[in-house]
Amino acid sequence: MSDQGLRITDLHCSVEGNEILKGIDLIVEPGSVHALMGPNGSGKSTLAFSLTGHPHYTITGGTTTLDGTDLLALAPDKRAKAGLFLSFQYPAAIPGVKVANFLFAARQTVKPGELTPGKFRTLLLEKMDVLGMDPSFLGRYLNDGFSGGEKKRLEMLQMAVLGPKYAVLDETDSGLDVDALKYVGDSVKSLRESDEGRKTGFLIITHYPRILQHITADVVHVMMDGRIVKTGGPDLAQRIEREGYDTIREETAARA
Amino acid sequence: MPSATLTDRERHLERFHATRSGREKPGRYWKIDLEAVEIPSDAKPGGSVSIDAPSSVIAVDMQVALRDHAAALARVAGVATEPQHKFAHLTAAFAGLGALIHLPADRAIDEPIVVTYRAQGDSTLFPHTVVLAERGARATVIERIETGDGAFVCGVSEIVTEEHADITYAAVQTLPLDARSFFTRAAKPGVNARIAWATADIGAALAVCDIATAIEHPGVEANVASLFFPTGTQHVDIVSTVDHRVGHSTSQTLVKSAANGRGQARYLGNIRIAAHAQGSEAGLRDDALLLSKQAHIDSIPALEIAANDVKAFHGATVGAIDDEQLFYMTSRGIDRQQAERMIALGFFEPVIDRFPTQALRDELHDALPNKVL
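Here the protein sequences come in this chain order: A and B.
Residue numbers are given in the numbering used here: position 147 of the first sequence equals residue 1399, and the series is strictly consecutive.
Residue numbers are given in the numbering used here: position 175 of the second sequence equals residue 208, and the series is strictly consecutive.
Excised from the complex, chain A in its bound form (with noise of 0.2 Å):
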């Protein structure tokens, strides 16, 4: 059996001595795009920040490997640099500290020795050409000011300049702003199509089946109350676009 993929298994996680994540199984495969759905308090963002380690949140059991590797055995950055991104919901802003910079502080330790600062610059202007980015933004502060919809640009500018193996990204709630999903819609499909991206595995956290009209998920996930209830594929997410959360909760409901 092959170890490739972001393979998480029984995973459980506590925030503050409450248990948030009750058991998850969730293979995401090199290339595939895994979208997971759940109501507001299902625990999506807790496990996207259990993935890449923020202090706050407790593993109390299971396994993480990222193509093999025992990924909870990681601090952050030993995580991002095993390929793994989180595109953030609500990214902090940090005054002082240039886009630009950052970016090749980052490109820098993901994937050390291969640019030199010149062709970094060049790399990173064809990829916000291909955003539709503004050169400006390099001197910027990082998100500091920034709108919502300037952030989000920023997550996905990083999603391409790092080009990560996996990348999870938690939209949960700016599904309301179409422009928003569009753009992150456009990133995905523009990170797949490049060479980098071509085996990276997606796993798009949604509270809005919207999302999934600007990207074809190949499997979709139903998570509540801190457990995946139902998977399925493309028509999972059509049905909740129809029906909500309701008839699945029932449903769950009834199995139990």
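Hints listed in this document are in silico derivations from the structure and should not be mistaken for laboratory results.
Every residue, glycine too, gets a C-beta built ideally from N, C-alpha and C.
Per the computed footprint, the stretches of chain B lying under chain A, defined by three or more beta-carbons under 8 Å from a beta-carbon of chain A, are:
(1) 352-359
(2) 364-371
The list that follows gives simulated cross-link-like pairs (lysine-lysine, DSSO-like), each with its CA atoms no further than 30 Å apart:
(3) A/Lys1363 with A/Lys1350
(4) B/Lys404 with A/Lys1363
(5) B/Lys404 with A/Lys1333
(6) A/Lys1350 with B/Lys326
(7) A/Lys1330 with B/Lys326
(8) A/Lys1350 with B/Lys404
(9) A/Lys1371 with A/Lys1350
To give an idea of the chain A side of the interface with chain B (calculated C-beta under 10 Å), a few residues:
(10) Lys1333
(11) Pro1347
(12) Ala1357
We have chain A already, so just place chain B on it with the hints.
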């Protein structure tokens, strides 16, 4: 030739001892009593000054100023500093070293005027910089101090301007780590004049600085920027005061400080708006970053606002590096130490931007990383 006779000196020393600094007594963190600062027994007037200025302005040392420019000197010297500034009395007691920069009307100087004081082997230095800007004149003045180890420096800078003048005064204090530094800086800008202070305290075992701006005319724009960063066992004590005595002027005070090791700092940010100073706008932003458990910064914004038709803003933070910022950066592959360094250095950028020349900004960019470690 000496400007202070023995009797003058005794009088000034008496006032130095009699005047309270107004600072808190030593406590759990802060270890130095400013009311009991000992003057070195070999204290004397001395040192040298060199002034880098174009010939279109009057830029002379204090001896020449006393002899040839007494009227200009009298318009500024002692006028800007308030009698309650304890350490200004000490500078006066050992008067002799100094510079007068006198800008004629409408003279705009693009290249910064650099005033450099050198201790020349003496252990004490008492520099007095006087700036007089006539109507519509514009210039940037940079003060530099060079001493040996263990120096005791006690200086005054005073600025008086006429209407529509625009003066930026910058000083980056990088004295040896066993030196002591006391500065009293004061300005009285004219109608519709602009005054900007940019000071940084990087060196010295003890750095004390008062920056006072008295707004007595409408239309003034006053900017105060201060950066300090005690590490090891350094102590830094800064008081900034913007006194809106008449209305329809604006002031912005921006202070960014960090402390590492067992570094200690105190900052008091006074904003006063008098009852009749309607239409004043005053902002005070003061952020302090603690990089070690033993480091401490006491930061006190003090707003006394007696007028009712004013816009006043103040915001202050004291804390360690934010967990969410750190997590965000490390999630991009940057290791914790580098992330902390980038965040801490980035924290100072808004105030570094207030320094008027690239050379000063570069100097700060070079000095700060060694303090973050």
